[in-house]
Amino acid sequence: MGIFEAILLTVITAATPLVLAAVGELVTERSGVLNLGVEGMMIMGAACAFIATQMTGSPYVGILAGIASGALFSLLFGFLTLTLVANQVATGLALTILGLGVSGMIGEAYVGQSGIKLPQIVFPVLSDIPFLGALLFKQDLIFYLSIAVVVGVNWFLFRSRAGLKLRSVGDSHASAHALGINVIRMRYLAVMFGGACAGLAGAQLSLVYTPQWVENMSAGRGWIALALVVFASWRPWRVVAGGYLFGAVSISQLHAQAFGIGIPSQFLSALPYLATIVVLILISHNRRTTLINTPASLGKPFVPDR
Amino acid sequence: MRIELERRPEVSRLFSLLSPVIALALTMIFGGIMFLLLGKNPVTALYSFFIEPLMEVWSLHELAIKAAPLILIGVGLSVCYRSNNWNIGAEGQFIAGAIAGSILPVVFYEWHSPLVLPLMLLLGILGGALFAGIPAFLKAHLNTNEILTSLMLVYVAQLFLDWLVRGPWRNPGGLNFPETRTFDPVSVLPEMIASGRTHWGFGFAILAAVAIWFMMRYTLKGFEITVLGQSERAGRFAGFSSRKMIWFSMLLSGALAGLAGISEVSGAIQQLRPVISPGYGFTAIIVAFLGRLNPLGIVVAGLVLALTYLGGEAAQLSLGVSDKVTRVFQGLLLFFVLSCDTLIRYKIKLVWSNLTGTATEGAH
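Read top to bottom, the protein sequences are chains A and B.
Under the numbering used here, the residue at position 19 of the first sequence is numbered 21, and the numbers go up by one with no gaps.
Under the numbering used here, the residue at position 352 of the second sequence is numbered 1017, and the numbers go up by one with no gaps.
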């Protein structure tokens, strides 16, 4: 394997959790709900996936645990913001704070244990394709799932009836309600899908990216995923492009640190965060296009009049 | 069973006061259950978490020291949140203030003058305000989401501090530890009360809370903040500028976070280290909400949250539970505060579904 392939492989590994978490949040936001708790759901997914894997010896059980914990945790957010119409921004922050706390507590006994890495699934024949074979067909299950989720979400949102309903809920909940769509139920499902995706992204961190448990190991990736949704102007394939771009930035800074190019490592580590800011500026400075792309009911509470 | 909300004709005054109390009580109950699951006696655990730290003079001083940054930051954030500007990067502004204020005692350590301390505080305020000015500028002029930019800058500030204390600002006589030289006595914030360690940071916090309470209640600026926060459109008709409000609220909260940062470093730590805050900037968000975005409420809330830090340390020593319990308590508390706030504007009804119930649901 050439060095270029090796670098691209690490980019894919770094990008997968970003793509997964962002595409989940994209569906949530398309339904009109802004869940800022991605970081919290992700770190819960990482902790639960790691613990379940250590207990059962199977990383596949770990994946399920990650997905389930993310979805369950997001239900807390759903209950507060959808049933009790609490402020979405504040509740999302609460989810992140609680997630960081709970994961730190339940994970404490597992600090320093070496985990089990999720095995590769090799597609026969396809994996022999030069260059692309190793990149796309000799990966772990979560990578394949990330691609499947993007394809599925894209189809669901723009080609299915339920997806059209979900988008209408996000663009005008009052009209959707008048048309007989159950706004709250649709939003609960969208929130849980976002939670499941963030949990799976967390599982990728503790089973693939670095197979161990470290407190706060999500290191702001949940927030970067939130920025990616804005960057992608709420379109699934652009999330993939953005996710891989960010994966490349974070990997290139790691390689630059390894080569020792004379720039302090802290400055290089700050690059992904600074890149996020730059990208947000570039995307948002045109008020009109931002207004057109943003789901019109995003972040607004809905109380059905009965 | 289904939960339905019915809007109250008026905001309930009773629940405005009761909701933080109910939230605290619920947090205690759930905290007790958590201790039970951890195999501890919930009563003794809660006692050592919430009561024991209040029994001795020295720990009351520790409480004030920890409450000072929480109140200072929380009061500033309340202005932001009331005006609908979501600054969640106070942790970064705290660090920026600490760094800016430390220029004098670390770089110009040979300068001994009574002017040093006031200048340090001023630099701290400026540092925090300038750092908050970045997301303010980006939001006001380039339409960029302040939630994400202010948060990203927290990581940038943490990494910059890490570089400073390991690199150019490392103590030359410090055996290679990642820390700066310790501050000269002229640059240490003095103690406020003779009986213990409480420094003037706590005094600043109380002053700031009273000043902002006055501003919110008795001045036009306070009215402007409330109006623009509730309806930007209504504010525009009244001739208020939401762009200026972004600048005002962000700079104010940044300045207070910066003051908190330099007070903590100068009063409590007396040098810079890679980590100078146990997450004060994030915990202050909880403080702001528990205090119902009211500056005087925030003073009480700051003391409560400071207690969770002390309680975590105490419980770790006496019960052997992890100090991570603190974060869990804080998260739970914010959740319950936000849920209980619903009671202020809505009546909550439990509807037991039956056949007719599902029929009406189908009609929607």
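Calculated directly from the structure, the hints in this document are not laboratory data.
This one's a predicted model, so the numbers in the text were calculated from it and none came from an experiment.
From the three backbone atoms N, C-alpha and C, an ideal C-beta is built for every residue, glycine too.
Check each hint, because a few of them may be wrong.
Result set (DSS-like, lysine-lysine): computed pairs, CA atoms no more than 25 Å apart in a straight line [claimed, not checked]:
#, chain 1, residue 1, chain 2, residue 2
1, A, Lys167, A, Lys140
2, A, Lys302, B, Lys1012
3, A, Lys302, B, Lys1014
4, A, Lys302, A, Lys167
5, B, Lys886, B, Lys909
6, B, Lys989, B, Lys705
Per the computed footprint, the stretches of chain B lying under chain A, defined by three or more beta-carbons under 8 Å from a beta-carbon of chain A, are [what the hints assert, rightly or not]:
#, stretch
7, 805-818
8, 1000-1006
Now the hints, each set against the structure:
Distance hint between A/Lys167 and A/Lys140 is unfulfilled; the C-alpha atoms sit about 37 Å from each other, more than 25 Å. For the given pair, A/Lys302 sits about 20 Å from B/Lys1012 by alpha-carbon distance, which is consistent with the 25 Å threshold. Taking the CA atoms of A/Lys302 and B/Lys1014, the gap is near 22 Å; set against the 25 Å cutoff, the hint holds. Between A/Lys302 and A/Lys167 the CA atoms are separated by roughly 17 Å; this keeps the pair inside 25 Å, and the hint holds.
About 11 Å separates the Cα atoms of B/Lys886 and B/Lys909, which keeps this hinted pair within 25 Å; it holds. For a cut-off of 25 Å, the pair hint linking B/Lys989 to B/Lys705 stands: about 15 Å separates their Cα positions. Taking a C-beta to C-beta cut-off of 8 Å, the stretch 805-818 of chain B contributes 10 residues in contact with chain A, enough for the three needed, and the coverage statement holds. For the stretch 1000-1006 of chain B, the proposed coverage by chain A is satisfied: 4 residues have a C-beta within less than 8 Å of a C-beta in that chain, meeting the threshold of three.
Hint violations for this structure: number 1 only, all remaining hints satisfied.
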